[in-house]
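Using the sequences provided together with the hints, build the complete structure.
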Amino acid sequence: MTELAAPSAAAPGAASATTPGGRRKRRLVNFGIDLFLVVFGLLMILPLILLVANAFKTPQELLAWPPTIIPTNPTLQNITTVLAETPLSTWIFNSFAFASLSALSISLTSAIAGYLLAKFPSRTMTVLFAIILATAIVPFEVYMIPLYFQAQQLGLLNSLPGLLLGYLVMSFGIFLVRQNVIHTIPDELLEAARIDGAGELWIFWRVVLPLLRGALGALFVLAFFQAWTAFAWPLIVTSTTDRYVIETGLALFQTGFTVDLGRLSAASAIVLVPSVTLFVLLRRNFVEGVASTGLKE
Amino acid sequence: MLKRRRWIFSLVAILPVLAIFAYVRVYPIGEILRLSLHKWDILSREKPFIGLANFQELFGDSLFRTALFNTSIIAFGVLIITLPLALVLAALIHHRTRSRFASFYETTIFIPHVVSLVPAAMAWKWIFDARLGPLNAVLSVFGIPPQAWLFDPVLSIVSIIVLCSWQALGFAVLIYLVGFKNLPKSLFEASKLDGASGIQQFWFVAVPLLKPITLYVSVATLVSAFNVYAQVYVLASDAQGAPGRQVRVLVLDMLENTFRNYRVGYAASEAVVLLVIVLILTAIQFSLLREKGTR
Numbered sequence: 001m002t003e004l005a006a007p008s009a010a011a012p013g014a015a016s017a018t019t020p021g022g023r024r025k026r027r028l029v030n031f032g033i034d035l036f037l038v039v040f041g042l043l044m045i046l047p048l049i050l051l052v053a054n055a056f057k058t059p060q061e062l063l064a065w066p067p068t069i070i071p072t073n074p075t076l077q078n079i080t081t082v083l084a085e086t087p088l089s090t091w092i093f094n095s096f097a098f099a100s101l102s103a104l105s106i107s108l109t110s111a112i113a114g115y116l117l118a119k120f121p122s123r124t125m126t127v128l129f130a131i132i133l134a135t136a137i138v139p140f141e142v143y144m145i146p147l148y149f150q151a152q153q154l155g156l157l158n159s160l161p162g163l164l165l166g167y168l169v170m171s172f173g174i175f176l177v178r179q180n181v182i183h184t185i186p187d188e189l190l191e192a193a194r195i196d197g198a199g200e201l202w203i204f205w206r207v208v209l210p211l212l213r214g215a216l217g218a219l220f221v222l223a224f225f226q227a228w229t230a231f232a233w234p235l236i237v238t239s240t241t242d243r244y245v246i247e248t249g250l251a252l253f254q255t256g257f258t259v260d261l262g263r264l265s266a267a268s269a270i271v272l273v274p275s276v277t278l279f280v281l282l283r284r285n286f287v288e289g290v291a292s293t294g295l296k297e
Numbered sequence: 001m002l003k004r005r006r007w008i009f010s011l012v013a014i015l016p017v018l019a020i021f022a023y024v025r026v027y028p029i030g031e032i033l034r035l036s037l038h039k040w041d042i043l044s045r046e047k048p049f050i051g052l053a054n055f056q057e058l059f060g061d062s063l064f065r066t067a068l069f070n071t072s073i074i075a076f077g078v079l080i081i082t083l084p085l086a087l088v089l090a091a092l093i094h095h096r097t098r099s100r101f102a103s104f105y106e107t108t109i110f111i112p113h114v115v116s117l118v119p120a121a122m123a124w125k126w127i128f129d130a131r132l133g134p135l136n137a138v139l140s141v142f143g144i145p146p147q148a149w150l151f152d153p154v155l156s157i158v159s160i161i162v163l164c165s166w167q168a169l170g171f172a173v174l175i176y177l178v179g180f181k182n183l184p185k186s187l188f189e190a191s192k193l194d195g196a197s198g199i200q201q202f203w204f205v206a207v208p209l210l211k212p213i214t215l216y217v218s219v220a221t222l223v224s225a226f227n228v229y230a231q232v233y234v235l236a237s238d239a240q241g242a243p244g245r246q247v248r249v250l251v252l253d254m255l256e257n258t259f260r261n262y263r264v265g266y267a268a269s270e271a272v273v274l275l276v277i278v279l280i281l282t283a284i285q286f287s288l289l290r291e292k293g294t295r
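For the record, the sequence lines run as chains F and S.
Position 146 (the first sequence) corresponds to 146 in UniProt numbering; numbering is contiguous.
Position 184 (the second sequence) corresponds to 184 in UniProt numbering; numbering is contiguous.
Hint data in this document are derived by calculation from the structure and do not stem from the laboratory.
C-beta atoms are modelled at their ideal positions from N, C-alpha and C, and glycine is treated no differently.
One thing to keep in mind: the hints can contain errors.
[To be verified] Pair ranges (Cβ atoms, derived): (1) S:16 to F:27: 58 to 66 Å; (2) S:146 to F:211: 35 to 43 Å; (3) F:104 to S:193: 48 to 56 Å.
[Stated by the list, open to error] Straight-line alpha carbon distances no greater than 20 Å define the calculated SDA-like cross-link-like pairs of lysine to any residue that follow: (4) F:25 to S:96; (5) F:25 to S:99; (6) S:3 to F:120; (7) S:211 to S:99; (8) S:181 to F:288; (9) F:119 to S:284; (10) F:119 to F:192; (11) F:119 to S:12; (12) S:181 to F:292; (13) F:25 to S:196; (14) F:25 to S:3; (15) S:3 to F:188; (16) S:181 to S:212; (17) F:119 to F:207; (18) S:3 to F:292; (19) F:119 to F:200; (20) S:3 to F:126; (21) F:25 to S:197; (22) F:119 to S:8; (23) S:185 to S:209; (24) S:3 to F:203; (25) S:47 to F:292; (26) S:181 to F:284; (27) S:211 to S:284.
[Said to hold, decoys possible] To be clear about the criterion: a stretch of chain S counts as covered by chain F if any three or more of its residues have a C-beta under 8 Å from a C-beta of chain F, and this derived list gives those stretches: (28) 28-38; (29) 112-120; (30) 147-158; (31) 164-178; (32) 261-274.
Encoded structure:
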């Protein structure tokens, strides 16, 4: 039981922890830490809570000084107008389609490439892996302009396939699967299947993929949120209201002239609901995915 | 024979993935390098080779220099806020792993990292609002006069740093938590027997051992902050007459050169500068890691 970073004033040597006084002190310190973390956590989500509160305020209350936190006179007016006047549901659907398909493509390509790079060693594979790793360092923003012109050449601008073009593969995903295969799938298992006469494709589908379920789940969620929060790429690729995703739709909506804060907050609050729900549902997978990005070294 | 067949299978199977990968990653990266050495205005058909002229012009361009300066300030500002805060928070959360609120801590700190950027930025835009925002309301309680957060040249950058740090914090805490979980327990037991306090353990045992994690988090935070765009777009852009002072950042300048000024070659040279910054940061990370290994 390591006691790490307990900001206790007294030196809690091995002995003091067992005395009643030391135990009470420790409990007090732990209570202090919990209190601090709860308050900090609430502060972190406070901006989002305020946003949701604003969605229910009347125009008069939004202009009130000092600003209120809980609406005194809650109204559904903002939400109904926004739903009636903006294609919010279309944007949510577009975001959802974009993020799911991107996550699907990334999971599939990473599974195939990661497995082959791990279990079929050859000089060619080593070179390929080096290239993939090298491109992982390059941020998307660096090469999105040439990619935009490629989408234009293919006639994919302002379409879902055009959006997907930027998010079909993920260098890190390939790396993640490769490491997972190396650590969790022994060569003997594959050899045994081969001796039993299994074909390579069958082995991949029936032996390898089921064993990679955890890693691929984490990768899927990571990729989903990556596309879900993409901004610059959808902004340049899509150009009509019916093609926007949440991020670009709202960003362009807020720069319009006739927008008032209540409606803007209502729109934002509505789109936050799926984000937050998805995250809370998939938190374990997401944490696993992000955590594995830190284990590169 | 069998070996050869397996080798052929692996190549055939990986081919489609490689083709996609080459088309959407390798090729555009090559293109950006090539375009940066050419003069290409979308409207003209010709793309003459002009060597490093784009880069020469870039460093004399006051808009670009402003963008580079602002972006660097934002990136390092985010790092300075995020890194120490994340380290302490991760230590506290790790210490309270068995608390019944543990999942509440994780969830609330990560949520800003995963929610859609624009709605979240919208919330902050209201908080920073000079006339109606709660930030000025809170400050007035302490007798501080209202500040024009999004209009003042310095404060608008501070606002962006706050927003970006709020979003970056969850990632950093998460990576540190993994680091804390992987620390060898025996060292803490030994230092405890020597009478080290919790704070001493944190400072003299955990922090030095977490150096590789700190390096990784620093570089990842810096790299993503150097690509800042959405936050600036919402809080401080002049798009379509929205009020507010424009804070010029690299990605914004790059997109403006491409789509407003139609100077693709020139924009490409900006992208290359961004790439060089990222490569330098990564090189520093690896050299510092290696230094530790040889010691």
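* To do: Starting from the hint list further up, note which numbers the structure goes against and sort them upward.
  => 2, 7, 9, 14, 18, 25, 30
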